[in-house]
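Asks: Given chain F's structure and the hints, the job is docking chain R onto it.
Chains as they are written, first to last, in our numbering: chain F, 1 to 549; chain R, 1 to 549.
No wet-lab data here; the hints were simulated from the structure.
If a hint is listed, it holds; no wrong ones were tucked in.
Because identical chains cannot be distinguished in the list, a pair is counted as satisfied if it fits within a single copy or across any two copies.
No farther apart than 25 Å at their CA atoms in a straight line, the calculated lysine to any residue pairs in the SDA-like style are these:
1. K177 <-> T257
2. K154 <-> I488
3. K242 <-> N211
4. K154 <-> R205
5. K294 <-> D376
6. K520 <-> M541
7. K209 <-> S89
8. K163 <-> I85
9. K90 <-> A169
2 protein chains.
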Amino acid sequence: MKIALAQQNYHIGNFKDNTQKIINAIEQAKDGGAELVVFSELSVCGYYPHDLLEKREFVDAAIEGIHQIADHCNGITAIVGGPCINEESKGKKLFNSAYILAKGEVQDVFHKTLLPTYDIFDEYRHFEPNNTHRLLEINGKKIAVTICEDIWDKQPTSNKFAKDKIYTANPMAELSKLNPDLIVNLSASPFSYNQEDYRKNILLRNASKYNLPIVYVNQVGAQTEIIFDGGSMYVDKNGLVKQELNYFEEDFRIIDTTSEEVMIQEGRGDYVEKIYNALVLGIRDYFHKSGLTKATLGLSGGIDSALVAVLAVDALGAENVRVLLMPSKYSSDHSVNDAVQLAENLGIQHHTINIQQIVDRFEDSLEDLFTGLDIDVTEENIQARTRGTLVMALSNKFGNILLNTTNKSECAVGYGTLYGDMNGGLAVLGDVYKLDAYKMAHFINREKEIIPVNTIVKPPSAELRPDQKDSDSLPDYEILDGILFRYIEQNMSPEEIYAEGFEKAVVDKVISMVNFNEYKRFQAPPILRVSSKAFGFGRKMPLVANYKF
Amino acid sequence: MKIALAQQNYHIGNFKDNTQKIINAIEQAKDGGAELVVFSELSVCGYYPHDLLEKREFVDAAIEGIHQIADHCNGITAIVGGPCINEESKGKKLFNSAYILAKGEVQDVFHKTLLPTYDIFDEYRHFEPNNTHRLLEINGKKIAVTICEDIWDKQPTSNKFAKDKIYTANPMAELSKLNPDLIVNLSASPFSYNQEDYRKNILLRNASKYNLPIVYVNQVGAQTEIIFDGGSMYVDKNGLVKQELNYFEEDFRIIDTTSEEVMIQEGRGDYVEKIYNALVLGIRDYFHKSGLTKATLGLSGGIDSALVAVLAVDALGAENVRVLLMPSKYSSDHSVNDAVQLAENLGIQHHTINIQQIVDRFEDSLEDLFTGLDIDVTEENIQARTRGTLVMALSNKFGNILLNTTNKSECAVGYGTLYGDMNGGLAVLGDVYKLDAYKMAHFINREKEIIPVNTIVKPPSAELRPDQKDSDSLPDYEILDGILFRYIEQNMSPEEIYAEGFEKAVVDKVISMVNFNEYKRFQAPPILRVSSKAFGFGRKMPLVANYKF
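So here's chain F without its partners, still in its complex pose (with noise of 0.2 Å):
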């Protein structure tokens, strides 16, 4: 059987374009003699639409468009995902469906039963479960449909509180009692660089435990914070892998099930280069989707936001950046030095303002009202505040959008000024740790220095009071990162960060900025996520209560 992967690159309800986008795969894949043509999970809208599913007008408008692009199927069936309305008396108003697209017409619908509500999904809420199961023919052929969750049978967790079997269904269990002689998966599965392998170990593992092949179409494209990398596959029926298209980006094959032929991706690079093409597609998405183009950035002579600067010219080219350098009297010459010369090897527009007249200005408005009292972190704050202002006036008259530069380890423990530094209409690094931000330095400058190496071997400050050290009130990002990456990602408790062979006064003073941190997180920009648990919607704790966990 001939089959088409279409990977493809949706704009959430901007159902022209995908409508169009889908028609055209179709196209292609009568062009190429296929007998079927597979899209991923909601293609017609786009995944995940979140509440945009509660509106009629939106819901009509996806089935509408899953009707044009019925009529473009004569010849070949194609399996389209999409809302699909709940007819029943009771229960919620949608199912998330696979559309049976064949003669120009809806043939038949299958629904979604296993419906993630967990980390940055939220399908129960807009969602009712499917609870029948019957196979689709095709010429012949059985074949089981599944929608992404369908066929996770079990889930990754490093908790041992958690079951790895998260629900009650198990809707390959109940297909393969109906000797299918074919799986379909429609997938909209995001990138996380820790668990990879997992979701391809779940296809493998599938494929041998029913002895059944695998079509797996996966979206691709970032929608907001939610980045998904394609590497759709053809997994065959002892679980090994024959086809397996690109990472993020659109891409389309023609795969045939009686082929021994095998295509896959070679050469992908180490994790860190993983996440760099995600945040590029992250941050190329983000903008393009909104109809933007242009951004900018404080360019401090730091890491993290030499490396912002060099993913924003990767993903919307030099043409369209534009940075700010603002130092103050605490500022270092070579952090200004290194600053001018990353814009330079970039070649992007760059423009300095010393902020010190300005906060100057701040603390004499602020004499009479703080005599007498102690220089703190208020005075710390006026200079960030004062930088996001101005470059925020930039963002304001230029058009320009603010790309914030936090790291994950600084977003975790609180070490940033809201309204100063934490401003931004996209958080590029805040699903990055600090460490891995060098990393991806080193890996920017693998073939010659783009990032200066000033930028990446001094000690990392703030400069925000004299010879101020990152070091002077953090662990060091060896520790931290470690003790951050149990706790968030692993979910570990205290005891079970202490007997991994961290300091416990350390495990708990960090611990207790991540929680008391949560307000300013809360007022966060979007975080592009690249992790299996990143700070934003994923991660739900809320804001008042006792936290000692």
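Replies: For chain R alone, kept in the frame of chain F given last:
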């Protein structure tokens, strides 16, 4: 049967205090001769702990608290809400449960069947639904133990698309077949000024339909954004409210199911008074549960900041509120005078800092960069951000938490400056439309002039440019609020709103502003929720999408 209703205010994760509070009510119930004492949903941990429920130590501590409480249950039965571990090998790891405590031990556990996962509710994220039904027997009486949503056989919906029955299960229908004598309901039902009657009707309808009395115990107190209003009730089998506890405060009452006595809440005032009381509770609990005492805000002479000052004084005491006046060259004299007058009326500390010199310095610094470009919103934002920086400096130096004063109308259309007047730890009026803000001002001034009349009667203005009025860029608030309420609370389509007599061009403009400004609200402070649909986590819209609806 004598039953105690314990309506309490819990601190999420503070097991020591919550447990002690529950034990105290058990002792009080015993002293009063009650056979049964009922607490609210998830009482031992507070509603709602969100992803703290993913932490093993949190759940263990909750269960440990349940056992400590059980030690005090001799000669009485207590029904206490808490999470319970699901021991099955499949399914979510927890149940949302009612623990039956008697003879010093946990006697039984009943689990919640209907798990709300819409608007602000997220229970399917953490809990497995119950699917077996049985009764609890106490002293010969058979009791149907239900948890909140279990008796919500219909959902309020103003949208033709939504079903009023969103669950396929119906626990009350199952339980009624077992012939109970009484329904007990443990609730955590939040305040919403436009759905209060709906909740009471649910109780009355269930009582009449099943011909059973209902003991309904609701939680009270604010958990960050969500305000639980109490109002626990005893409804007889004819659907008449016989006993009704206080609203917006803790309460305790022993009722006798054989008595005909009626004690209900009279004279609760109109919806504006209820919103006022809800907001005072919201501010007070945000501060007290966070261990904070002192608030600050910028006082502009306008109505919104005036209201927030009054609410803050009511919640925290005049001695804990400090305000900053920050006039510019565009501020009218009367604005400054009105603000000073209000501060004096309230007896709160006030300081004045003219922002003009700082603003001028910002503009000087940007002069080279902006040469030849027109004055636009950039310059207005610099003023707002200068104020935001000054009031945050005061917050940082004195530890006064900044209260945000944005109202719902502004928040909806993005009439505010990110990192400027959108700053704050808590948005007090973010769910209150401008017209309701005026009504609240009149309510506050009902006996004497606390808010200067001039603040109320003058045309609203941001005073960011000469002679600016809100009406320059927004429709009249009668029109604006009318459109917004239909679009947000009632989830109407543009066509449905036109059909109610609003001008198409105005509706389209307002809706487009709402959607365009999703990015601003993403970074807004938590908003105290008083309506059926507030901005915040109860309304999740994708940031990057093609909005047309």
